[in-house]
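S.K.: Sequence:
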Amino acid sequence: MPGIFKTIDKIKPAYDVTYRFVMFICKILLIVDILITTMAVAGRYIPFIPDPAWSEEVVLTCMSYMAVLSAALAIRRGAHIRMTALDGYLPKGLVKSLDILADLAVLILSVIMITVGWKYATGIGSKGTYVSMPNVSRFWMYFPVPLAGVAMLIFELEALYNHIKSFFVKEEA
1 MPGIFKTIDK IKPAYDVTYR FVMFICKILL IVDILITTMA VAGRYIPFIP DPAWSEEVVL
61 TCMSYMAVLS AALAIRRGAH IRMTALDGYL PKGLVKSLDI LADLAVLILS VIMITVGWKY
121 ATGIGSKGTY VSMPNVSRFW MYFPVPLAGV AMLIFELEAL YNHIKSFFVK EEA
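In our numbering, the protein residues as written are 1 to 173.
Read the hints as simulated data drawn from the structure, not as lab findings. For glycine and all other residues, C-beta sits at the position ideal for the given N, C-alpha and C. Among these hints, one or two may not hold up.
The calculated DSSO-like cross-link candidates involving lysine-lysine, where the alpha carbons are at most 27 angstroms apart (straight line), are [said to hold, decoys possible]:
#, residue 1, residue 2
1, K92, K6
2, K6, K127
3, K170, K96
4, K170, K6
5, K165, K10
6, K12, K27
7, K96, K10
Now the in silico label distances, taken between C-beta atoms and shown as ranges [unchecked claim]:
#, residue 1, residue 2, range
8, I124, N162, 33 to 41 angstroms
9, P47, A85, 54 to 62 angstroms
10, W54, F21, 22 to 30 angstroms
11, I112, W54, 28 to 36 angstroms
12, A53, I112, 49 to 57 angstroms
13, A105, P13, 22 to 30 angstroms
Make a model of the complete structure from these sequences and hints.
M.R.: Shown next, in the form of structure tokens:
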């Protein structure tokens, strides 16, 4: 059985690239957020710097993307919020089984985020525009949910695989 895990482990670099790409997107969004917020605040107090009307909506949209994409990144690192207070008192096999159950629940959530989020983005989102930018569709306001769902699905499949693998492959100390 461990032979199949060695074969599947060869796709780990694809997960690493995906992780780095999502992290890069979050970093760019943070920089954009900081620059636009700085310009908007400075524009209120310094006469020759403009305070664009669209700044608040763009900043909030960027924050939405960062929030949900960061949740996907936390799944990859195993840093998402979870209850671990009793893990030391329970048998290791039970803890691993509960981790798999939690992985399956998050996997289902990611599929729901993709399907329902896409319906909202293409339904409600495509029918409206930003108030301060009438040429930009509200699709971009709803799109973070299905986008993060895809990232969560990818990283959750890896986490699920790693938990299942832990049953069959002994940990090296």
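S.K.: None of the hints should be skipped; say for each whether it holds.
M.R.: So, going through the hints one by one against the coordinates:
1. Restraint check: the Cα-Cα separation between K92 and K6 comes to about 23 angstroms, which is no more than 27 angstroms; the hinted pair holds.
2. At roughly 48 angstroms between alpha-carbon atoms, K6 and K127 are farther apart than 27 angstroms, so this suggested pair is violated.
3. Taking the CA atoms of K170 and K96, the gap is near 13 angstroms; set against the 27 angstroms cutoff, the hint holds.
4. Note on K170 and K6: the hinted pairing holds, with a Cα-Cα distance of about 13 angstroms set against a maximum of 27 angstroms.
5. Pair hint K165 plus K10 holds up; C-alpha atoms about 14 angstroms apart against a cutoff of 27 angstroms.
6. Restraint check: the Cα-Cα separation between K12 and K27 comes to about 23 angstroms, which is no more than 27 angstroms; the hinted pair holds.
7. For the given pair, K96 sits about 23 angstroms from K10 by alpha-carbon distance, which is consistent with the 27 angstroms threshold.
8. For I124 and N162, the Cβ-Cβ distance of about 37 angstroms falls inside the hinted range of 33 to 41 angstroms, so the restraint holds.
9. Checked against the given bound of 54 to 62 angstroms, the beta carbons of P47 and A85, roughly 56 angstroms apart, stay inside it.
10. A hinted range of 22 to 30 angstroms holds for the C-beta pair W54 and F21, which are about 27 angstroms apart.
11. A hinted range of 28 to 36 angstroms for the beta carbons of I112 and W54 is consistent with their spacing of about 31 angstroms.
12. Checked against the hint of 49 to 57 angstroms, the C-beta distance between A53 and I112 comes to roughly 35 angstroms, which is inconsistent with it.
13. A105 and P13 have their C-beta atoms about 28 angstroms apart, which keeps the hinted 22 to 30 angstroms range intact.
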